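Trainee: Here are the chains, one letter per residue:
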Amino acid sequence: MKILIVDDFSTMRRIIKNLLRDLGFNNTAEADDGTSALPMLQSTHFDFLITDWNMPGMTGIELLKSVRADAKLAAMPVLMVTAEAKREQIVEAAQAGVNGYVVKPFTAGALKEKIEKIFDRVG
Amino acid sequence: MTGERNTKLMAQANQLIDHLEAGDNDAAMEAIDELYKVRDCNLYIEIGKLTRQVHNAIRNFHAESSNLVPESEKGSTDPSGVPKESRMDDAKDRLEYVIRLTESAANKTMDMVEDTVPISKELRNTAINLKQSWQRLLRREMKVEEFRALYKDIDLFLDFAGSKATLIEDNLTSILMAQGYQDLTGQMIKKVITLVHDVEASLVGLVSMASQLETITGIQHDLSDLKGPEKDELEGPQMKPETRSDVVASQDDVDDLLSSLGF
Chain A
1044 MKILIVDDFS TMRRIIKNLL RDLGFNNTAE ADDGTSALPM LQSTHFDFLI
1094 TDWNMPGMTG IELLKSVRAD AKLAAMPVLM VTAEAKREQI VEAAQAGVNG
1144 YVVKPFTAGA LKEKIEKIFD RVG
Chain B
341 MTGERNTKLM AQANQLIDHL EAGDNDAAME AIDELYKVRD CNLYIEIGKL
391 TRQVHNAIRN FHAESSNLVP ESEKGSTDPS GVPKESRMDD AKDRLEYVIR
441 LTESAANKTM DMVEDTVPIS KELRNTAINL KQSWQRLLRR EMKVEEFRAL
491 YKDIDLFLDF AGSKATLIED NLTSILMAQG YQDLTGQMIK KVITLVHDVE
541 ASLVGLVSMA SQLETITGIQ HDLSDLKGPE KDELEGPQMK PETRSDVVAS
591 QDDVDDLLSS LGF
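Just so you know, the sequences run in chain order A and B. In this text, residue positions in the first sequence follow my numbering: the first is 1044, and each later residue adds one. In this text, residue positions in the second sequence follow my numbering: the first is 341, and each later residue adds one.
Note that these hints are calculated values from the structure, not bench results. Predicted model, so just to flag it, every value in this text is computed and none were measured. Any given hint could turn out to be false.
Claimed, not checked - Estimated spans, in silico, between C-beta atoms of each pair:
no., chain 1, residue 1, chain 2, residue 2, range
1, A, Asn-1061, B, Gly-388, 36 to 42 Å
2, A, Ala-1151, B, Glu-462, 20 to 26 Å
3, A, Phe-1162, B, Arg-480, 54 to 60 Å
4, B, Lys-448, A, Ser-1109, 33 to 39 Å
5, B, Glu-582, A, Thr-1054, 26 to 32 Å
6, B, Gln-560, A, Phe-1052, 43 to 49 Å
To be verified - With a straight-line Cα cutoff of 30 Å, these simulated DSSO-like cross-link-like pairs (lysine-lysine) come out:
no., chain 1, residue 1, chain 2, residue 2
7, B, Lys-504, A, Lys-1129
8, A, Lys-1108, A, Lys-1147
9, A, Lys-1060, B, Lys-530
Stated by the list, open to error - Facing chain A, according to a computed beta carbon distance under 7 Å, are these residues of chain B, among others:
no., residue
10, Pro-577
11, Met-579
12, Val-588
13, Val-594
Yeah, the Cβ is synthetic: ideal placement off N, Cα and C, and Gly gets one too.
Start from the sequences and build out the full structure, keeping to the hints where you can.
Mentor: Pasting the structure below:
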């Protein structure tokens, strides 16, 4: 199980990486925005994408849309972990095909629950 | 000042009437020019006052907060060592310093956590192994050689637990000390807030000055091209979500919204 963590703040990537390790996911990679994440997703196989929304360069929602538009990546589960809390944004992410949405600040429990739920569903 | 100016205006106005009555148009025009000058002069004085207030607000911000920056940071914020006239750059430096300080505290804390978790895991695993051996001993399933090994292992574990507990305490103390950023950044941010307040007050003054200027000169603005707040702008963290109906207040709200969409 290889997971890509995309966030422009290194501390947030590190927090998520640590929580994933606690959940038993040791194989993670990091990118600081969609522009650097997309080539990584296209060149290496990842099983799961966790992304922030507000990032310089390519935002998380653009990354999500690019992933869904790419035949090779379209089926990849995507979890959005973001401070963006407007209802219309959550609806937009859902319509773009997000698999889960966690608002910052979040708890270890919330992240764990969403990840497990996604894996249960995608099998 | 105002009285003085009024007297001057009155004198010039009387002169203007005198010139007009005498039919001296050139002199009348000159008098009108003089009147304009007095009006412009009033505006310049008012604008000058406000400019000085803005300038002072920025200077005071620097003077009050300069002693908060550690010696090691001073070189980087002002490499020339010469006091700058404008300290807006300085306010930016201070906020960047806050980012650096909070980032370093977060990393320091995570260093300690990442250092401590394996220690704790090692303690637990060793204890689990010993417990299994101990259970076998209690059930009298242990051979003498095994017991000798267990005897030694327990001795080792007690030393190990003691030294690891000290390490964990040291790491916890480091985590505690890393929280010191809150005090320093709090002071920095308060100074920036004061600057923002002062600059805002001066700007409000400038705006009212500008509106007086518009009233006097009869300038009218087309406000239709003024841009409102960007609609698509990403807002980031919400400070008072409970006061707005278009944002969610918690993860539960997100979950409810998503499940209403069939998630």
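Trainee: Run through the hints listed earlier and report the numbers of any the structure violates, in increasing order.
Mentor: 1, 3, 7, 9, 11
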